[in-house]
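Letter by letter, the chains look like this.
Number of protein chains: 2
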Amino acid sequence: MSERLLAVGEAPHTVGDMRGAVPQARGAVHDGRAAGAEADLGAGSQEAAALLDRTREAVEPELRRAVDSLPGTMRRVVAYHFGWEYADGRPASGQSGKAIRPGLVLAAARALGGSPTAAVKGAAAVELVHNFTLLHDDVIDRDSTRRHRPTAWTVFGDADAILAGDALQALALRVLADDQHPAAGRAAAWVASCVMELCEGQHVDTALEERSCDQVTLDECLGVAEAKTGALLGCACALGALYAGAGFDEVEAMDAFGREAGLAFQLIDDVIGIWGDPARTGKPVGADLLAGKKSLPVVAALTSGTAAGEELAELYPRLGPADVGKAADAIDRAGGRDWAQAQAADRMAKAVAQLSRAVPDPEAAGGLLALAEFVTRRSF
Amino acid sequence: MSERLLAVGEAPHTVGDMRGAVPQARGAVHDGRAAGAEADLGAGSQEAAALLDRTREAVEPELRRAVDSLPGTMRRVVAYHFGWEYADGRPASGQSGKAIRPGLVLAAARALGGSPTAAVKGAAAVELVHNFTLLHDDVIDRDSTRRHRPTAWTVFGDADAILAGDALQALALRVLADDQHPAAGRAAAWVASCVMELCEGQHVDTALEERSCDQVTLDECLGVAEAKTGALLGCACALGALYAGAGFDEVEAMDAFGREAGLAFQLIDDVIGIWGDPARTGKPVGADLLAGKKSLPVVAALTSGTAAGEELAELYPRLGPADVGKAADAIDRAGGRDWAQAQAADRMAKAVAQLSRAVPDPEAAGGLLALAEFVTRRSF
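One line per chain: the protein sequences are A and B, in this order. Residue numbering for the first sequence follows the UniProt record's numbering, starting at 1 and increasing by one per position. Residue numbering for the second sequence follows the UniProt record's numbering, starting at 1 and increasing by one per position.
Chain A with its partners taken away, still in its complex shape:
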């Protein structure tokens, strides 16, 4: 899918001009309004896609080697989850994901003058952690589909999905413990702290979903997005900085860059979840709305104090398939969509500011910026 998007090369922008990225990001976000828009995917996107291709090439052998070291059943559940095998163990050709997080590790390492090759174990560890949380979140949320396939718990049962997730977290930290790179120890501490934040984020998210619509604030939802999405993207960037031998301030700024970009990513993801093209999202129309998900545009609308917000509050707790269009329209009229897009642009601006703090040379920051824009302007 990304290949198709990337074949469309329009409106190239100069990644060297970081400041210029802000209005562009804002423009890109607004383009999302026309679901499936293929405009404005230029040189930056091509650069990002090439970077992700190179990342997969560098990191996947490390990932596969690590997963192959797991004991029998743990290996099998994880290989299924990654899309490398069918449930019965036959090899499958599925890709394990877009490799955005490992891509951030390697790009951050390069941006700070380090060698991406030396940071491959760090990149693999972040991807293993990401997948451990997916395995457990799917159990907790009872999600039945992931990457267009039945989730691991629906195939192997809750017990094995929980245990495979546990083993995967341990594997991530063993990859770092086995790494001879001088940054590996600090990277392990950073990853472990990030996992604790991810856990608390998933807890708050689950708790919010159980509350009634009028009991949820926008700040709480932004907090969840930061803990669940921002934290690991920040951690990925921080790891790249650590592997490049960067100082504390730069590592912190890179973490902040990843967090802000992660929030922008989540905001756009939520917009796409409501107004995106099902053929591209891989989810049926209105799936997020029908599930009663308290996504950011929904909560922005519910807390807007507008008539449309009140309409939505009436509608949302008992939403049927016939009301999905009406709900999406109410969210839009209540300003939920505009707010999410403006917030995403604002977060991208903050991300860019943090990036320029860590990497003053715009040329060096190009890859990271391209990646951040890529994930926040995607229309799939």
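Errors might be hidden in some of the hints.
What the simulated footprint calls covered on chain B by chain A, stretch by stretch (three residues with Cβ under 8 Å from a Cβ of chain A suffice, anywhere in the stretch; the number is not a length) [stated by the list, open to error]:
#1 70–80
#2 163–172
#3 199–205
FYI, nobody ran anything at the bench for these hints, they're computed from the structure. Please read these numbers as outputs of a predicted model, since none were measured by experiment. Think of the CB as a built atom: it goes at the ideal place given N, C-alpha and C, for glycine as much as any other residue.
The hints should help you fit chain B onto chain A, whose structure is shown.
Here is chain B on its own, set in the frame of chain A:
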């Protein structure tokens, strides 16, 4: 409870004579036959109890500091699980456990000439890992009681128990990542590998429990006991050796010592689970049998090829409270109890042989030996 046992000081033995420990261990195991026997608890047990007291004193502040660093709800669930707080957050006076695993870390460090104080973070990490697995195993096994209290998942729900376990694993590895000791990196690798083995062990255990009685072999059950109990006791001893700066062979031998002692411990635990005094085990009479647990004496009886074994096979799948005595008797007549006790003695002999390989000086090995005997001769 241990205080009462320890007040009875009979038949002291010389811990300096390691070889002499084997028949004594065998004798102690047979003493278990008279449930609640308080005989044969001598100087070795007093030494072990004092060692465990010192361990708790040294390790608990580190444990509490680590747990206090967890984010809000994760901290609360874990503090409840450890018995430090009630479900509503009020402080509770409960002890978090006997501290056998951290005790082994510190005793192993001392046995190899290291400083127990320097190994405190390693000891805390092992205890955190142990408790992470308890949190998840209770969810998976639907166990409702742990240390005489409702299990965390029954109080906070599955989601929070899973997440708190995840956070606890991360915390264990962050404690090691933050440790400046030169052994901490290798310790983290050892712990992470151990976690993967624990996960696979719990998977096989769950799978075996779902099979019918005639589909389970004794070797499979011994494999589960090694992976679920032996692995972490071995890891604890290995960590002590690592913190003492021991060489690879000594670390391996210490791991093997802990594994063998762990198997002996599990065998005795299973015997106590069937014939132990409920007032001491904290479980109702025959709870393990009523749950249909495929413990080692049960599977030994089922696979004995005896008439009593066939009787048990008939009885076991549909066991009611009235049949508990009959089942225990059939296991006994089929040789399940004698086999378990002889196996335990055999494993203790192997443990002692491994210990003497790692620590040739019997004087230095005394603390470890006392601990191993303490856990395998307990009648509570």
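Three or more residues of the segment 163–172 of chain B near chain A by CB distance under 8 Å?
holds (count 8)
Would you say the segment 199–205 of chain B counts as covered by chain A, given the rule of at least 3 residues with C-beta under 8 Å?
With 5 residues in contact (Cβ-Cβ under 8 Å with chain A), the coverage given for the segment 199–205 of chain B holds.
8 Å C-beta test of the segment 70–80 of chain B against chain A, three or more residues:
holds (count 5)
Figure legend: structure checked against the earlier numbered hints; every hint is met.
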